[in-house]
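Following the hints, put chain H in place on chain E, whose structure we already have.
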Amino acid sequence: MTAIEQAFFWITIFTYVGSTLGYAYRFVLQKTTGRRWEQLLLGTGFGANLITMAIRKANGGHLLAGLNYEDGLLIAALTVLVFLVCQKKMPSTWPLALVCIPFAFLMLGFGYVSVEDIKPLRPAFISRWMVVHAIFALMGTACFVFALGTNVAYLLKNRFPEGSEPPRLAALPSQEVLKDLGFRLVLFGFVGWTVMIISGAFWAKDAYDIYWSWDPVETWSLVSWLAWGIYLHFHFTFKQRGKLLAWLCIVSFLVSVVTIWGIELITPKTYHNLEQIMGFKLQTGVKK
Amino acid sequence: MPTKEFMQNKINIIKTKKYTLTLLVVLIILSLSMIYVKLDTRRYYAFLGVNLSLFLLAVSLLTCTLDRLKAFLASAGRNPGPGAGNQDRRELTLSGKDVLDKLANRLARKGFRVAISGHDLTAFKHRSGLLGSVVFHLGLVTVLAGFVVNSLWSFHGFLLIPERVISKVPEDLTIQSQGLLFKSPPSFAVALDKFSFGRQAELQPLSTLYFRDEGREKRQSVSMNYPAKFKGVEFRYKNAGYSLLIKLTTPAGTLVNDYANIATHNGKAWNDTFAISGEQQMTINFYPDFIEKDKNVYASNSRFPDNPVMKITFQEKGRELGSALVAIGQTKNIGPIKVSFQGFRYWQELTVSSDPGGYLIYLGAFMAVAGLAWRAMFILKVFTCRVEENESGESTVLYGTRTTYGQALFIAEIRDIFNGLEEEENDSY
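Protein chains in written order, with our numbering: chain E, 1 to 288; chain H, 1001 to 1429.
Keep in mind that the hints were calculated from the coordinates and are not lab data.
You may find that some hints are simply not true.
[Said to hold, decoys possible] Straight-line Cα separation of at most 30 Å, DSBU-like style, residue types lysine-lysine; simulated pairs:
(1) K1231(H) - K1218(H)
(2) K1125(H) - K88(E)
(3) K1332(H) - K1247(H)
(4) K1125(H) - K89(E)
(5) K239(E) - K1125(H)
[Stated by the list, open to error] A few chain E positions that, by computed beta-carbon distances, are all more than 12 Å from chain H:
(6) A48
(7) N158
(8) R168
(9) L169
(10) S174
(11) I260
C-beta atoms are modelled at their ideal positions from N, C-alpha and C, and glycine is treated no differently.
For reference, chain E alone in the conformation it holds in the complex (with noise of 0.2 Å):
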């Protein structure tokens, strides 16, 4: 990591940190009025998540991926600006901060724990579908994070009924806005979900002649979009609403984690584990 680059991944770090406190501040004391300077202080960490991501991309020659700095700077700023976008659409859901922001600077924590050199991109990750891949699968991840902020947000609101909520609780948008919020970031999400199953296929296909050869990455990715396909379904099939919708939220998400995280660490035999897929690793003995 060079100097610059440090500097600038700290100066986000710091702002986003600043930022959630400015958001829990309002929201524990209910403050509605005043400057709302934990916007600017987002406005600032996402400039300089950007800026972050650009030295890296200008020193490494490469589309951020491969490594889990690189991975944890790509899907902070994608959960921001999904939060951003929502925001400037529907300003009743700055709450929803609470969850956001403090999931992107832990995705920045994990992945400096882990930072490493620059390295030039491995011949398995040269691949036209590499882009797509990496940009769909962060994208529908940072939309279902989101989601699941709404969801919760949805529960803690329905123990009481409408109008009838702690103060606290009174600040996040009504029930109504809540469940529609969060049935529409889960489609957006289940949307980049299947670019990604799908680019990810066709990727395997020009590297290994094989679309699909359910390693636990793909079987597991499977097994959620099939679990968020369920959640569709219960909406727009079975007209189901409300809690129990939001608790399958909930769940989908959890199966989810098990494929973004949980697999790597269960079994590093998968193909996202890159080293063992080194482009000619010499496996059969053949003689002449």
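Then chain H, alone, in the frame of chain E:
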């Protein structure tokens, strides 16, 4: 002969959610059990239970999809009707006709199809959003169809090809698996024109294949993730190594004057053992970029042939007869045997296969993504209202809103429209 009721009953079962969910659960269990027993992927797809489950799933998806398409086409052009939805009322300081006209105008600007009949107004948009679901499911069925085509008509094998040697397809091909209806790969010649490990991008192997078929010639490069394709056959990088040109001579004559493929890499060196004559063997350790780390401890700095040296050891019945380090271009004597290391070339092992169902898989994938995005972006919205004008000239609007999802957001959108009407009326005063 099955009756019409019997067939309709069976179709109804296939359309049920219980049937589809059951199939999905069966597939998940089969997949997890396959991981548990570490079954080879190709044997997994050959397993009858998996193919049957996938086929039945595709039938279910197709039936549900066509059912929805049929319902959609039957109601095409007709007003979707209010249906169950949110009902509300709003008081406006506008005459009834003004309300209807201005509402219609604003809704039309937002893309709604509006119809006014007396005191009633109906508006809807994005009815075609429902088609997105149909296209998505059809896309999944198309992908499954592509897999079926591959399982019946494709083949998978490998080809070992040294540099500057012409190989013939299918004669030199080793086929590992093939579909039930697969006959034979097409005939053509292929040669490895050039190979290198590639110093950029951390050892990305690069090779150029030369294809020839009845006067038609073509050169294509192959690297990881970028296969070559000729006459429907795909060539992918699998493995590569060195072939050393070695000459062994004795007073009695020449023992060996040929290329030896060094195929094994033990993490430290490339090595292989070859039979010479009788019970004599030679073991070759090859160091493309030779360094001596310690006394009698040798290694290679890298895989690139910057300083190629081989260590050759002769054995007979497990007993070492002699060994020597021989650099490229050198000749050394080991006992009665004169060893010359004259040069090297590369060999490459390629995965060879066909993908006749690929077009269907790509088409199905595109349909699935397009249908899903379409469904997500184009939400059916229905707005109906009746305007009642009272004696003072003001109006009461009784309205209903319905949408497939995002009801709260649609209600907010309609309220914004009403607010806009009131602001416009206030501004005109």
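Hints and how they fare:
no. : hint                : in the structure
1   : K1231(H) - K1218(H) : holds, 11 Å
2   : K1125(H) - K88(E)   : holds, 25 Å
3   : K1332(H) - K1247(H) : holds, 11 Å
4   : K1125(H) - K89(E)   : holds, 21 Å
5   : K239(E) - K1125(H)  : holds, 21 Å
6   : A48                 : holds, 30 Å
7   : N158                : holds, 14 Å
8   : R168                : holds, 21 Å
9   : L169                : holds, 17 Å
10  : S174                : violated, 7 Å
11  : I260                : holds, 18 Å
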